[in-house]
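Model the full structure from these sequences, guided by the hints.
Residue numbers for the sequence shown follow the working numbering, so the first one is 1 and each next one is one higher.
Hints were generated in silico from the structure; no laboratory data involved.
Certain hints may be false.
As the list claims (entries may be wrong) - Okay, derived cross-link-like pairs now, DSS-like style, lysine-lysine, Cα gap no bigger than 27 Å in a straight line:
no., residue 1, residue 2
1, 16, 102
2, 102, 14
3, 35, 103
4, 103, 115
5, 89, 78
6, 14, 110
7, 89, 20
8, 102, 63
9, 110, 49
10, 115, 20
11, 16, 115
12, 78, 49
13, 99, 49
14, 20, 63
15, 16, 49
16, 78, 14
17, 115, 99
18, 89, 110
19, 35, 99
20, 35, 115
21, 89, 14
22, 49, 102
23, 99, 110
24, 63, 49
25, 20, 78
26, 49, 20
27, 102, 115
28, 63, 35
29, 16, 78
30, 115, 89
31, 102, 78
32, 89, 63
33, 20, 110
34, 110, 16
35, 63, 110
36, 99, 63
37, 78, 63
38, 115, 63
39, 35, 20
40, 103, 16
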Amino acid sequence: MRYIMNMNSSGFDKVKRGVKTHGYRLYDRVGRHLKIGDEILIRLEPELKECILVQIVGVAHYKTFYDMYADFFDVDFKYRYRSINDILKETFHHWYTEKEEKKYGAMVFKFVVTKTFSKL
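As structure tokens, this is what we get:
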């Protein structure tokens, strides 16, 4: 399956350079569909003319965002945040409610860039 996602320039550049290789999200109806082998077409906002195609190579599910971020703190967060609670304040609490977290849980997916291109 192929999905489409829009991303700001900061995140897009990190994916393009291979610095960002994980996606973190709610394990809701959208997250449950993401499987190893799926592709995500990431489009650079706002013009959506530059794109990166990534393939999902790993998926893990967690009961809470705290548990997930604890497992990946040293991999993706230790240079940007002082603690897991700081990550939660700046990310999870902006996008999801605690009620949603309790209902669905969290997920992380690992991806690799397979192609970069510009749309005409």
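Here's how the hints hold up against the structure:
1. 16 to 102: Distance ~33 Å between residue 16 and residue 102 Cα, so the pair is violated.
2. 102 to 14: violated (30 Å)
3. 35 to 103: OK: residue 35 and residue 103 at ~20 Å, within 27 Å.
4. 103 to 115: violated (35 Å)
5. 89 to 78: holds (15 Å)
6. 14 to 110: holds (14 Å)
7. 89 to 20: Given that 27 Å is the threshold and the Cα spacing comes to 20 Å, the pair holds.
8. 102 to 63: Given that 27 Å is the threshold and the Cα spacing comes to 8 Å, the pair holds.
9. 110 to 49: Distance of about 24 Å is within 27 Å: holds.
10. 115 to 20: Holds - the C-alpha atoms of residue 20 and residue 115 are around 15 Å apart, at most 27 Å.
11. 16 to 115: Status holds; Cα separation ~9 Å.
12. 78 to 49: violated (32 Å)
13. 99 to 49: Answer violated: residue 99 to residue 49 is near 36 Å, above 27 Å.
14. 20 to 63: holds (23 Å)
15. 16 to 49: Within the cut-off at roughly 14 Å; holds.
16. 78 to 14: Measuring from Cα to Cα gives roughly 16 Å; hence the hint holds.
17. 115 to 99: Judged against 27 Å, a Cα distance of about 37 Å means the pair is violated.
18. 89 to 110: Cα-Cα ~23 Å, so holds.
19. 35 to 99: Measuring from Cα to Cα gives roughly 25 Å; hence the hint holds.
20. 35 to 115: holds (19 Å)
21. 89 to 14: At roughly 22 Å apart (the allowed maximum being 27 Å), residue 14 and residue 89 satisfy the hint.
22. 49 to 102: violated (37 Å)
23. 99 to 110: OK: residue 99 and residue 110 at ~26 Å, within 27 Å.
24. 63 to 49: violated (37 Å)
25. 20 to 78: holds (14 Å)
26. 49 to 20: holds (20 Å)
27. 102 to 115: violated (36 Å)
28. 63 to 35: holds (18 Å)
29. 16 to 78: It holds: about 21 Å lies between the C-alpha atoms, which stays within 27 Å.
30. 115 to 89: The given pair, whose Cα atoms are some 33 Å apart, is violated under the 27 Å limit.
31. 102 to 78: Judged against 27 Å, a Cα distance of about 26 Å means the pair holds.
32. 89 to 63: OK: residue 89 and residue 63 at ~18 Å, within 27 Å.
33. 20 to 110: This hinted pair holds, its Cα atoms lying about 9 Å apart.
34. 110 to 16: It holds: about 14 Å lies between the C-alpha atoms, which stays within 27 Å.
35. 63 to 110: holds (18 Å)
36. 99 to 63: Within the cut-off at roughly 12 Å; holds.
37. 78 to 63: Holds, because 22 Å separates the two Cα atoms, which is no more than 27 Å.
38. 115 to 63: violated (33 Å)
39. 35 to 20: holds (19 Å)
40. 103 to 16: violated (33 Å)
In summary, the numbered hints that this structure violates are 1, 2, 4, 12, 13, 17, 22, 24, 27, 30, 38 and 40.
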